[in-house]
Amino acid sequence: MEAGRTVLEFRDVHTHYGPVHILKGVDLTIHEGQIVCLLGGNASGKTTTLRTILGMVTPTAGEVVIDGEVTNGWRTAAVVARGVSMVPENRRLFKRMTVKENLEIGAYLRADDFTADYERVLEMFPVLKDRLAQRAGTLSGGEQQMVAVGRALMARPRVLLMDEPSMGLAPVLVAQNFDIIRQINEAGTTVFVVEQNANMALSIADYGYVLQTGRIVLSGTGRELLANPEMRQAYLGEVG
Amino acid sequence: MTSAAATRLPRRRRPGWVDSFLLAVRIAAIVLLIWGIAGTVVKGINGEGPTGEAWRDLVVAGIAQGAMYGLIALGYSMVYGVLGFINFAHGEVFMSGGMVGFFVANYLWDIRFWDTNFVLSILLVLASSILASTLVAVIVERVAYRPLRDAPRLIPLITSIGISFFLQYTFAGLFGVAVKNYPPPPDYLRARIGFLDLEIEGTKLAVIVVAVVTMVALYLFVEKTRTGRSIRAVAEDKEIAALMGINVDRTIVATFAVGGAMAGVAGTLWALLFRGVSFITGFLPGIKAFTAAVLGGIGNLGGAMAGGVLLGLFEGVGPQLVLAGFGIPGVSQLKDVVAFTALVLVLIFKPSGLFGERLAAEDRA
Chain A
1 MEAGRTVLEF
11 RDVHTHYGPV
21 HILKGVDLTI
31 HEGQIVCLLG
41 GNASGKTTTL
51 RTILGMVTPT
61 AGEVVIDGEV
71 TNGWRTAAVV
81 ARGVSMVPEN
91 RRLFKRMTVK
101 ENLEIGAYLR
111 ADDFTADYER
121 VLEMFPVLKD
131 RLAQRAGTLS
141 GGEQQMVAVG
151 RALMARPRVL
161 LMDEPSMGLA
171 PVLVAQNFDI
181 IRQINEAGTT
191 VFVVEQNANM
201 ALSIADYGYV
211 LQTGRIVLSG
221 TGRELLANPE
231 MRQAYLGEVG
Chain B
1 MTSAAATRLP
11 RRRRPGWVDS
21 FLLAVRIAAI
31 VLLIWGIAGT
41 VVKGINGEGP
51 TGEAWRDLVV
61 AGIAQGAMYG
71 LIALGYSMVY
81 GVLGFINFAH
91 GEVFMSGGMV
101 GFFVANYLWD
111 IRFWDTNFVL
121 SILLVLASSI
131 LASTLVAVIV
141 ERVAYRPLRD
151 APRLIPLITS
161 IGISFFLQYT
171 FAGLFGVAVK
181 NYPPPPDYLR
191 ARIGFLDLEI
201 EGTKLAVIVV
211 AVVTMVALYL
221 FVEKTRTGRS
231 IRAVAEDKEI
241 AALMGINVDR
251 TIVATFAVGG
261 AMAGVAGTLW
271 ALLFRGVSFI
281 TGFLPGIKAF
291 TAAVLGGIGN
301 LGGAMAGGVL
311 LGLFEGVGPQ
321 LVLAGFGIPG
331 VSQLKDVVAF
341 TALVLVLIFK
351 PSGLFGERLA
361 AEDRA
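One line per chain: the protein sequences are A and B, in this order.
Read the first sequence against the numbering used here and you will find it ends at 240, with the numbers running on by one and no gaps.
Read the second sequence against the numbering used here and you will find it ends at 365, with the numbers running on by one and no gaps.
Wrong hints could be hidden among the right ones.
The following label-pair restraints were derived from C-beta to C-beta distances [stated by the list, open to error]:
1. A:Ala-61 - B:Ile-139: 37 to 47 Å
2. B:Ile-37 - A:Thr-98: 37 to 47 Å
3. A:Ala-133 - B:Ala-217: 53 to 63 Å
No more than 16 Å apart at the CA atoms, straight line, and that leaves these computed lysine to aspartate or glutamate pairs for EDC-like [unchecked claim]:
4. A:Lys-24 - A:Glu-69
5. A:Lys-24 - A:Asp-67
6. B:Lys-224 - A:Glu-119
7. A:Lys-100 - A:Glu-119
8. A:Lys-129 - A:Asp-113
9. A:Lys-100 - B:Glu-223
10. A:Lys-95 - B:Asp-110
11. A:Lys-100 - A:Glu-89
12. B:Lys-224 - B:Asp-237
13. B:Lys-224 - A:Asp-179
14. B:Lys-180 - B:Glu-239
15. B:Lys-238 - A:Glu-89
16. A:Lys-95 - B:Glu-239
17. B:Lys-350 - B:Asp-57
18. A:Lys-95 - B:Glu-236
19. A:Lys-95 - B:Glu-53
20. B:Lys-238 - B:Asp-110
21. A:Lys-95 - A:Asp-27
22. A:Lys-100 - A:Asp-117
23. A:Lys-129 - A:Asp-117
24. A:Lys-100 - A:Glu-63
25. A:Lys-95 - A:Glu-63
26. A:Lys-129 - A:Glu-89
27. A:Lys-129 - A:Glu-104
Hint data in this document are derived by calculation from the structure and do not stem from the laboratory.
Note that the Cβ used here is the ideal one computed from N, Cα and C, for glycine as well.
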């Protein structure tokens, strides 16, 4: 997709968790309409990056810019109202609520009519039509992932954040999941994916960043990173 | 995924002596229960003990008092659901409503409005009681619990005990320690009223009706309204609730307000049932309501209400039904013993409470 204007930017962002320095000067740029992925191993700061975007973590230095506005210190609700929503790691549905309630709560901040988005979600995931009155906790992992994606889409986000969407899913579902990410992106939503599954993520990404212990160590288009020897050795499971 | 599934399987272990002991306690409890009831039944056949009418009165009184416990229990359960600690000051929230209601009632009595226009008077008392309890609950949350939001859960728990004493002695200091008696309800309410072939004391019937209406209203509020949905969302996962754009702090205030309002209703019901309020009035009903919440399965609203009614019934009927069978004298003095024994028994048989879906560990680790 053609890269538009910048919707999300990190300018030299540092965060601390108590005395521990987590992000150590991260710079990121996400353009409208792109799929951007952030790769990295455990404890590299991937999840902290997402939490910082959402205002759940406040940077100790640097700026988070959403749509040209510095959002440091904003409450999560304010960031969400700005058009950012997230599919959290492990889906984290409201298990005691019905599927329908889970979807509706995704549109919590919207004052306008969200029926169109509701129907679009059900069209995207027809399986859910039969599950609407069921408690979300009773669904299979794949179906829960659909509800989690649907719930995030109900906010009609301009930027969709996804935290490890392939975690805990069977390989066939992982592929399906990435198809859906592409589909969502083609419908006009910018997607920022955090992943450990580097091959899959890079194959659909316009641009990728590699995070290592709080620093961006590599970046480039999906194709560049896939071809990068350093990258292949460190993250794509190639030996030698 | 596989590892998560594996850890969820119950671990098999060989039964130890604790299990044998618990089994023995369970069997002993059942035997004693059956023995006591059998004794009472034998007495009844011999024409001793309470008459059928007396039994019916005990049941009705138990349900009325239990409905009141249930309303207070809702506050314990809702706060536990959202914040994960027991707000032991909730009994005093209930007492505040009863106290403030008394001053309004007394004023209405003095201007001779109470006896000429009782229904309107009791509605005014109810409104002021709800207002007072709600206000106290919300202020306590703001001043005492919010600064402790990120502290270990034991700390707000201990704080709540402190707040409980603070409120008791604030009311004692402001209004004195003497029991304050509400003006008497009108004769027609004290008389027995025919209801579905039963004759029920009017006040008890009113208490039961008000409690049922309040409970239905609460159910609709929690299930159908936007605020109700945010309360459920925050109870389940605060971080994700915030991610949906829900204001978590405001939702917690709403939870305390609703729990307080329920306690306020209970404050007026207490006045209808017993008339006397004092600074210490909140203590025992508070503990009983907490018991009811645990009995029903804490965090579960239907369970809180059912637990309340059951506890009221145990208390009302239990002493006569079980203890009298052993020939123990003065059994009605022992209702608190029966109530708390019932709690222990339920927890031995079903540790998550009667309607508890899950044990705390899964959600509150």
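Against the structure, the hints come out as follows:
no.	hint	verdict
1	A:Ala-61 - B:Ile-139: 37 to 47 Å	holds (38 Å)
2	B:Ile-37 - A:Thr-98: 37 to 47 Å	holds (42 Å)
3	A:Ala-133 - B:Ala-217: 53 to 63 Å	violated (24 Å)
4	A:Lys-24 - A:Glu-69	violated (22 Å)
5	A:Lys-24 - A:Asp-67	violated (23 Å)
6	B:Lys-224 - A:Glu-119	violated (21 Å)
7	A:Lys-100 - A:Glu-119	holds (11 Å)
8	A:Lys-129 - A:Asp-113	violated (20 Å)
9	A:Lys-100 - B:Glu-223	holds (13 Å)
10	A:Lys-95 - B:Asp-110	violated (54 Å)
11	A:Lys-100 - A:Glu-89	violated (21 Å)
12	B:Lys-224 - B:Asp-237	violated (19 Å)
13	B:Lys-224 - A:Asp-179	violated (36 Å)
14	B:Lys-180 - B:Glu-239	violated (46 Å)
15	B:Lys-238 - A:Glu-89	holds (15 Å)
16	A:Lys-95 - B:Glu-239	holds (14 Å)
17	B:Lys-350 - B:Asp-57	violated (30 Å)
18	A:Lys-95 - B:Glu-236	holds (8 Å)
19	A:Lys-95 - B:Glu-53	violated (48 Å)
20	B:Lys-238 - B:Asp-110	violated (49 Å)
21	A:Lys-95 - A:Asp-27	violated (36 Å)
22	A:Lys-100 - A:Asp-117	holds (13 Å)
23	A:Lys-129 - A:Asp-117	holds (14 Å)
24	A:Lys-100 - A:Glu-63	violated (37 Å)
25	A:Lys-95 - A:Glu-63	violated (35 Å)
26	A:Lys-129 - A:Glu-89	violated (24 Å)
27	A:Lys-129 - A:Glu-104	holds (14 Å)
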